[in-house]
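Asks: Going line by line, the protein sequences match chains A and B. With my numbering as the guide, the letters of the first sequence map in order to residues 1 to 152. With my numbering as the guide, the letters of the second sequence map in order to residues 153 to 428.
To be clear, the hints were calculated from the coordinates, so they are not data collected in a lab. It is possible that part of the hints are untrue.
[What the hints assert, rightly or not] Okay, the calculated beta carbon distance ranges per label pair:
#	chain 1	residue 1	chain 2	residue 2	range
1	A	Leu-145	B	Ile-425	20 to 30 angstroms
2	B	Gln-259	A	Arg-67	23 to 33 angstroms
3	A	Leu-146	B	Gly-330	20 to 30 angstroms
4	A	Ser-136	B	Cys-185	52 to 62 angstroms
5	B	Arg-221	A	Arg-91	14 to 24 angstroms
6	B	Glu-218	A	His-30	52 to 62 angstroms
7	A	Arg-142	B	Gln-188	45 to 55 angstroms
8	A	Gly-150	B	Ile-425	22 to 32 angstroms
9	A	Val-131	B	Gln-259	39 to 49 angstroms
10	A	Ser-136	B	Pro-241	46 to 56 angstroms
11	A	Pro-89	B	Gly-398	51 to 61 angstroms
For every residue, glycine included, the Cβ atom is placed at its ideal position computed from N, Cα and C.
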Amino acid sequence: MQRIEELISIAPVFEGLASEHLALIARCGHNERVPAGTMLLREGQPAERFFLIRRGSVAVEVHAPGRGTLVIETLHAGDPVGLSWLFAPYRWQFDTRAVEPCELVVFDGACLRGKCEEDHELGYQLMSRFVANVISRFQATRFQLLDVYGHA
Amino acid sequence: MFAGPGPMVPEPFEVVSSRQDTDDTWTLELEACSGQPFVFAPGQFTMLSAAGAGEVPISISGDPDEPERLVHTVRAVGLATEAICAAGPGRRLLVRGPFGEPWPIEQAEGADVVIAAGGIGLAPLRPAILRLLVRRRRYGRLVLLYGARSPDQLLYPGELDAWRSRGLEVWVTVDSAGPEWLGHVGVVTRLVRRARLDGAGSVVMSCGPEVMMRFAVATLRDAGVAEDRIFASMERNMQCAVGRCGHCQLGPTLVCRDGPVYRWREAAPWLMIREV
Numbered sequence: 001m002q003r004i005e006e007l008i009s010i011a012p013v014f015e016g017l018a019s020e021h022l023a024l025i026a027r028c029g030h031n032e033r034v035p036a037g038t039m040l041l042r043e044g045q046p047a048e049r050f051f052l053i054r055r056g057s058v059a060v061e062v063h064a065p066g067r068g069t070l071v072i073e074t075l076h077a078g079d080p081v082g083l084s085w086l087f088a089p090y091r092w093q094f095d096t097r098a099v100e101p102c103e104l105v106v107f108d109g110a111c112l113r114g115k116c117e118e119d120h121e122l123g124y125q126l127m128s129r130f131v132a133n134v135i136s137r138f139q140a141t142r143f144q145l146l147d148v149y150g151h152a
Numbered sequence: 153m154f155a156g157p158g159p160m161v162p163e164p165f166e167v168v169s170s171r172q173d174t175d176d177t178w179t180l181e182l183e184a185c186s187g188q189p190f191v192f193a194p195g196q197f198t199m200l201s202a203a204g205a206g207e208v209p210i211s212i213s214g215d216p217d218e219p220e221r222l223v224h225t226v227r228a229v230g231l232a233t234e235a236i237c238a239a240g241p242g243r244r245l246l247v248r249g250p251f252g253e254p255w256p257i258e259q260a261e262g263a264d265v266v267i268a269a270g271g272i273g274l275a276p277l278r279p280a281i282l283r284l285l286v287r288r289r290r291y292g293r294l295v296l297l298y299g300a301r302s303p304d305q306l307l308y309p310g311e312l313d314a315w316r317s318r319g320l321e322v323w324v325t326v327d328s329a330g331p332e333w334l335g336h337v338g339v340v341t342r343l344v345r346r347a348r349l350d351g352a353g354s355v356v357m358s359c360g361p362e363v364m365m366r367f368a369v370a371t372l373r374d375a376g377v378a379e380d381r382i383f384a385s386m387e388r389n390m391q392c393a394v395g396r397c398g399h400c401q402l403g404p405t406l407v408c409r410d411g412p413v414y415r416w417r418e419a420a421p422w423l424m425i426r427e428v
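For reference, chain A alone in the conformation it holds in the complex:
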């Protein structure tokens, strides 16, 4: 069975990290399998942990009164699930649900924030990668807002 640092080292959000940093991060994580339909995160709940998808896909959703549940984005193997653990007030903004059976690495957000406080180089390296992920998704969201197919 692969160790967690090996599993996470190939994910873009952890790619290129020094082995000692991967080992520190891995100490805050464990493997978990969940069946399809499992709610991983719920809007408004404390953002105490986040996930790295190893297999499967996860929907980021919001429930809108009168419109029902809307899927905003789908995440896949290699993607991190959950960003609100990084910054106060540490509360989830959206629901996330496993669309199919998933293999996940589950991280304790407070544990990882603590390690980043102790080792600022780790904090910088981790933050750089998460910001790149956030920018990519932010730009995709702006593109999504254009509703290009609706006004073609």
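Position chain B relative to chain A; hints supplied.
Replies: The following block gives chain B in isolation, referenced to the frame of chain A:
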């Protein structure tokens, strides 16, 4: 080139079938009243009209190896297209063409081919897909990246599986969906990373809203695709379709005559000039 009375004279065609694809889009199958086959190359378009309702350029979406049927997928967005979409079996429509430069099907032989389609932009690419699949062994990977507004706006959903079974990798995404949709949600550019393309070995054919193509091309360039191997079908106000009237000018070119399929590097500079 034109076997009939000439490119400015419309020929009558009869609607033999009509299918509603989405809330505002129909696919019509037409047969020439003359009984003559309608030979075209993937990527070409016709000028299509319902009598008294005006004439519009519509890409051909049928199988180039079945020239006895002219197929058009039309979105009802104005007087002319609404009249065309309303034409049921037995009704007559008028057709001029085919016109324009086609997709580079032969030039792409030996390469991976990436089809990047958005919304109704899949319609002009359907003839290319069918031609590529008939000649499947001449190409490397065949990859379709297809984005639509929502699951109910996807074109040809019944054909996507059939194409997949014939060797096309089909990646579909929608901008938004309900929880019953198990596929991908997100913009079409997000599919580029998931498809793990060999950018340097790929030829891209793209059609969709212009802003979608700009974003898709930028992502594909980042993935290593050379700009002169990216082709896109452009849309402008085509009226005469033979390069005379100038309404469809794009920089120094005319889309009806020099396009609609352009090498991206030739069209791109003009797309960034707002006055053009």
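Asks: Each hint should be assessed against the structure and marked as holding or not.
Replies: Hints, verified against the model:
no. : hint                                      : result
1   : A:Leu-145 - B:Ile-425: 20 to 30 angstroms : 24 angstroms, holds
2   : B:Gln-259 - A:Arg-67: 23 to 33 angstroms  : 46 angstroms, violated
3   : A:Leu-146 - B:Gly-330: 20 to 30 angstroms : 21 angstroms, holds
4   : A:Ser-136 - B:Cys-185: 52 to 62 angstroms : 54 angstroms, holds
5   : B:Arg-221 - A:Arg-91: 14 to 24 angstroms  : 58 angstroms, violated
6   : B:Glu-218 - A:His-30: 52 to 62 angstroms  : 57 angstroms, holds
7   : A:Arg-142 - B:Gln-188: 45 to 55 angstroms : 49 angstroms, holds
8   : A:Gly-150 - B:Ile-425: 22 to 32 angstroms : 25 angstroms, holds
9   : A:Val-131 - B:Gln-259: 39 to 49 angstroms : 41 angstroms, holds
10  : A:Ser-136 - B:Pro-241: 46 to 56 angstroms : 48 angstroms, holds
11  : A:Pro-89 - B:Gly-398: 51 to 61 angstroms  : 60 angstroms, holds
When each numbered hint is compared with the structure, violations occur for hints 2 and 5.
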